[in-house]
Structure formats: structure tokens, C-alpha cells
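Enquirer: Residue-level listing of the chains:
There are 2 protein chains.
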Amino acid sequence: MRQAGRYLPEYRELRAQAGDFLTTCLTPEMAVEITLQPIRRFAFDAAILFSDILVLPHALGQSVRFEEGTGPILKALTRASDIDDLAVRGFIDRLAPVYEAVRRLRADLPAQTTLIGFAGAPWTVASYMIEGRSSKDFAKAKAWAYRDPVSFQRLIDLLIETTADHLICQAEAGAEALQLFDSWAGVWPEGALRRWCLDPARAIRERVRAACPDVPMIAFPRGVGLLYETFAETSGAEGLSLDTTVPLVWARDHVQTKVTVQGNLDPIALLAGGEAQREETARILDTLAAKPFIFNLGHGILPETPIVHVQTLVDHVRAWRAPA
Amino acid sequence: MRQAGRYLPEYRELRAQAGDFLTTCLTPEMAVEITLQPIRRFAFDAAILFSDILVLPHALGQSVRFEEGTGPILKALTRASDIDDLAVRGFIDRLAPVYEAVRRLRADLPAQTTLIGFAGAPWTVASYMIEGRSSKDFAKAKAWAYRDPVSFQRLIDLLIETTADHLICQAEAGAEALQLFDSWAGVWPEGALRRWCLDPARAIRERVRAACPDVPMIAFPRGVGLLYETFAETSGAEGLSLDTTVPLVWARDHVQTKVTVQGNLDPIALLAGGEAQREETARILDTLAAKPFIFNLGHGILPETPIVHVQTLVDHVRAWRAPA
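Chains as they are written, first to last, in this note's numbering: chain A, 7 to 330; chain B, 7 to 330.
It is possible that some hints are incorrect.
One copy or two, it doesn't matter: identical chains are merged, so the pair holds either way.
[Claimed, not checked] With a straight-line cut-off of 20 Å between C-alpha atoms, the simulated SDA-like cross-links for lysine to any residue are:
{"hint": "1", "residue 1": "K81", "residue 2": "T240"}
{"hint": "2", "residue 1": "K146", "residue 2": "V320"}
{"hint": "3", "residue 1": "K146", "residue 2": "E281"}
{"hint": "4", "residue 1": "K264", "residue 2": "R109"}
{"hint": "5", "residue 1": "K146", "residue 2": "E310"}
{"hint": "6", "residue 1": "K146", "residue 2": "L308"}
{"hint": "7", "residue 1": "K297", "residue 2": "W326"}
{"hint": "8", "residue 1": "K142", "residue 2": "G306"}
{"hint": "9", "residue 1": "K146", "residue 2": "D171"}
{"hint": "10", "residue 1": "K146", "residue 2": "P273"}
{"hint": "11", "residue 1": "K142", "residue 2": "R289"}
{"hint": "12", "residue 1": "K146", "residue 2": "P309"}
{"hint": "13", "residue 1": "K297", "residue 2": "S69"}
{"hint": "14", "residue 1": "K81", "residue 2": "V61"}
Because the hints were derived from the structure by calculation, they are not lab data.
Everything numeric in this text was worked out from a predicted model, so none of it was measured.
Throw the hints in and build the complete structure from the sequences for me.
Expert: Below, the structure written as C-alpha cells:
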């Protein structure tokens, strides 16, 4: 999950002085500084690049801006011909500041701190490109896919190709692991999920592997429940990020046997702190930490989370030892 | 799922003339007329009472109103003592118009049309009572449960008791089946899900069974993924409503072996219509319809759904026959 954010006063201070959110993402010194902020405070084992999944549609020529309190606003794609108008040629040059930030980070970070790059998965990015903003039911994007799967597939294919290139460039600039966020995977029936989320994840994994065979990928198909096992078996990702709802013992027995798992503390348990945070954290560690595992939240940290709860969490995870 | 709604012109017309939404729910002639509208058009096998899950907090003395475009607005509970201020005494009298509507409906409906009553499950209702409105992350309600499980349990217990009474009164007035909607069940880690959703569903089932042993109950723990199997095994409900994301073959093998299943067409496939609607519907029927099954949507119908798609769906489901 994003490590920087409004729960950190130094982040709020920097963002108050900076321009709009997208410019912040695309200004290397800003992206570097924000990426380093939580590492300075907590010395996490890994740093995740400060960026946004919507830098890709921006680089493809779609109008993207962020409104305080509302979230992203895009000039929505409304018909198949809008897909053909996307500016694929040269899009990677428009993302050069991201790769520059990765290069500087790899130089600035302690050697033992893994640098993680990331991108949005095709379905999640496509949903923003078609809805034009956050959505409750994704009616426009899903109805497009149901009504005209041919043009929707064209958009997904374009996103597979450009997302893979974007990840490869991050890896070549120094990212040592890559995460693919499919935040809205959990809205599809199984067949559509396989077509619009699982197959694209696998296609991206294969393209990135061909270019950078040694860089592992973590997929985060949030909310796919039972299908986590299928993702573990067939996405090709070396790691899977579990959302908060995934039962731990099941994940240990059905997912962790196939891939490294990451997760999955409820961000609201971290917000609440105290006994609930301690119990939920202990349950996760005791069930998953003895096998290949990355401790993380199950979703993004909330802005109102007390910093002291994060420090308590880090101390708790660091102190954990496998039962003798 | 709710059968009436803004996709029907006769509903829009009636609502335009009527007062606020809650008054419409609590005026028997209105509730009866709106319940009958979709039955007149489509002659569904069952009619679901037109009402709302928030009539309960209203009857408990909490301020509840509905704003067009925003949804429900409640005067949020903010501290444990607010729970003790709820007006449990006499709450059932304030719901008398609901039971009057049920009585009239049982008289007006064709004998072969099953009448389904319903209520919100304790967690989902509690989430509105604490958040005061629809929420993206349920941070206030979940943080309350994590920080102060004792008072949160008191609220849930109060809702178990009053919800069971509300369902019993509907059954005694003539409802022949009861549905318990836990629309926001899918936001909890497993342990909390068992405590705040599964245990209350079972407690309600037991109370209702003691009073009305012959009235079956359908639970809808939306978004609980794998835990659907646990609900089938231990909630005591005779039926489970599957959300759109539940894989069909898994549901057939792990859930339908234990209870009747209901579901789960993606409302957006119904919005889209055409080939996608046909394919998704056929997949559901072919996988589930040979065993105890109620065809339904996986979530509520969208207001912009063309009526002709609903008619096509009804015809499709009616024409289905088990392979010889």
C-alpha cells in the first residue's frame, strides 16, 4: 500500500506548498522526497514509489486532474473511437519523470531497503478512464464491457501493453519489485473477472518477465475472494496482496502454498489502535509469518490514522518470532 | 432484491406525487401500491414488500431522512450513551404501518405469489446509525467496534432483538418468507465478520424460528466470499442470496448442497442487455437451476435499466428447462 500520505505532517506540509497532485507525482524531487518520508520515520524494509496509477492515462493524452475531497476527474472515454485517439506513441517519454525518481531513489535509499515500483491493472485504470471519476457501481465501464466486448478488449490490450512498458521502465531504472494494483477487481462475475483482470495480469507478468526476468511481481486483485487461489495458480505473479477480508487460515492453506502473500491488516484496526490492532496483527503474524510473507495493510492507510499506531505496528511486527 | 424502483415509470410517477421516502414506506396504501407495481408488469413468482431497512432506526427514535441523490441522512450515534437513548419501548407500534401493508398485500396478491418481508441485518443497520450516511470505508462504525466492542455489542444485541421482532411481526401479518440484508458484510476480517454478521444472523434466525417455525429465511451477507459456505453451515437460514461475484460452480458444490441459493445476475449485465445478459443468465441457470434455486439479481436493479431487458430476463428464466 501507499506508505506516504496525509497521516504524515511532513507530507501535508509538502503537498500544501506543491502544485496539483499529478504535477507532484511527475516532479522527481517531489516524488523522491515523499517516497523517503515514511522510510525516514519507520525504516520499513521496502519503500514504495510515490506515484499514482492515473499517470498512465495522463501520459496517454487523457485529461486527468485531482480535486481535493473528490478524487480524480478524467475526461471520460465515451465511445470506441476515443480509444483510438489515445496517444500511445511517445507515452513513455511523458513518464520519464517517474523513472528519474526511481533512479534517484535507488541511489538515495539504504542498500537494504527494497524499492517497489507499481502500476494500476488494466481493468482498474480502464474503469477510471470510462467513468471519469470514482464510482460506486462502475455501471458505465462494466456496461461498456458487456455491450461491446470487442472495443473494451482493445482498451484492455492497449493498457496491457503500456502498463507492461511502464513497469519495465521502472524496473530498468532500479525498481526491485513491482506491484500491480487491481483495486476494483472485486466487482465482476467469475467469467468476466478472468477475462478483464486475470488474463491481463498474466499477460503483463509475461511481458515484464521477458524484459526483466529477475524482478518479482506482486498482484493485488482486491476483493476477488475465492479467486485468489486461481490468481495464485495462474497469474504468474510471485506475490499476492490479500485484502482485509481474506480468511487467514484459508490463505495459508490455499494461497501461501503457491506464492508469497502480503497483507492484510484492516486499516481501520490500525486507525483504532490499542487492543484491536494488537489482536488483529498477532492473528496475521501467527498464521502467515512463518512462510513467505510480507506484512502490510489490506488496503490504504486512512489520513486520520495516528502516527503512533504505525510505530506500534512496526515494533510489533519487528518483534515477532516464529514459535519455537 | 427490491423489485420496485426508479426503472419503472409508474414508480417515478407515484414518488413524484408522494411525500418523502420514509413517509412513503410508512403509508400502507403507498407501500402496497409500489409493491404491486412490478408484480402487475412481470408476474414474478414472489413479491418483496416495499419498505426500507432504515425504518427500524427511525422507529427506535433516531432521526432518519432521505435526500434525493445523496441517500439516507441519520443523526449519527457518536457515543455509547446514545445507544441507551434509543427508544426501544414501543418501537414496534411505530412500525405498525409496515405490518398493515403486509396484511393488505397478502389479501391483494394472487395466491400463488409468495410475499417476502425483510429487514436489514444488525451490522448494516448499525453502520448507517453510526456513520449517519452511506460510507466508503465505514471508518467510524468499524473503529467503534474495534475500540469499544462492549458498547458496540450492546448496539448489535439491541438490533438483534428489535430486528427479530420486526421480522416476526411481518411473518404474523402474512409474510411467507423473510430476507435479512447484510449489504455491508463484506468489509470485515473473518473474526469480526463472525462476531458482527454471522452470530447476529443466527441469533435472529433462532428468535424468528421460535415464533414462526414455518417461515423460511434468506440471508444476504453480501461480499463475504469464501465465508458463504460458513453462513450456509451455521447461520440457520434456509436460503442464501449470492452476490454477483460468487463463482457459480463453487456455489453449486459448496453452498447449494446445504441451503437454497438465490442470485446472482450482475445488475449491470441486465442494464447492458443483449448478448451479455443472455449469456450471464444462461450460465446461472445452467449451473444452479436444477437444484433448490431462486433466480434473482446479485444486487439492486439500476434506475436506468430498460424495462424491456427485465421482460426479456423473465421470459428467459421462465423458458428454462433442465437438460433431459
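Enquirer: The structure should be examined with respect to each hint, and the outcome stated for every one.
Expert: Consistency of the hints with the structure:
For the homomeric pair K81 and T240, neither the shortest alpha-carbon distance inside one copy (34 Å) nor that between copies (48 Å) is at most 20 Å. Taking the shortest Cα distances, K146 and V320 never come within 20 Å of each other, neither inside one copy (41 Å) nor across copies (24 Å). With identical chains, the CA atoms of K146 and E281 are at most 20 Å apart between copies only, with a shortest distance of 17 Å across copies and 42 Å within one. When the C-alpha separation of K264 and R109 is checked against a cutoff of 20 Å, the pair qualifies neither within a copy, at 32 Å, nor between copies, at 56 Å.
In this homomeric assembly, K146 and E310 come within 20 Å of each other (Cα to Cα) only across copies, at 11 Å, whereas the closest approach inside a single copy is 32 Å. Proximity of K146 and L308 under a CA criterion of 20 Å is satisfied inter-copy only: 12 Å between copies versus 28 Å inside one chain copy. Taking CA atoms no more than 20 Å apart as the test, K297 paired with W326 passes inside one copy only; the shortest distance there is 13 Å, against 48 Å between copies. When the C-alpha separation of K142 and G306 is checked against a cutoff of 20 Å, the pair qualifies both within a copy, at 18 Å, and between copies, at 13 Å.
Taking CA atoms no more than 20 Å apart as the test, K146 paired with D171 passes in neither setting, with 27 Å inside one copy and 40 Å between copies. Only between protomers do K146 and P273 lie at most 20 Å apart by alpha-carbon distance; the minimum there is 12 Å, versus 29 Å within a single protomer. Taking CA atoms no more than 20 Å apart as the test, K142 paired with R289 passes in neither setting, with 31 Å inside one copy and 26 Å between copies. Proximity of K146 and P309 under a CA criterion of 20 Å is satisfied inter-copy only: 13 Å between copies versus 29 Å inside one chain copy.
For the identical chains of this complex, K297 and S69 are neighbours neither inside a copy (44 Å) nor across copies (50 Å), given an alpha-carbon limit of 20 Å. For the identical chains of this complex, K81 and V61 are intra-copy neighbours only, at 14 Å inside a copy versus 40 Å across copies, given an alpha-carbon limit of 20 Å.
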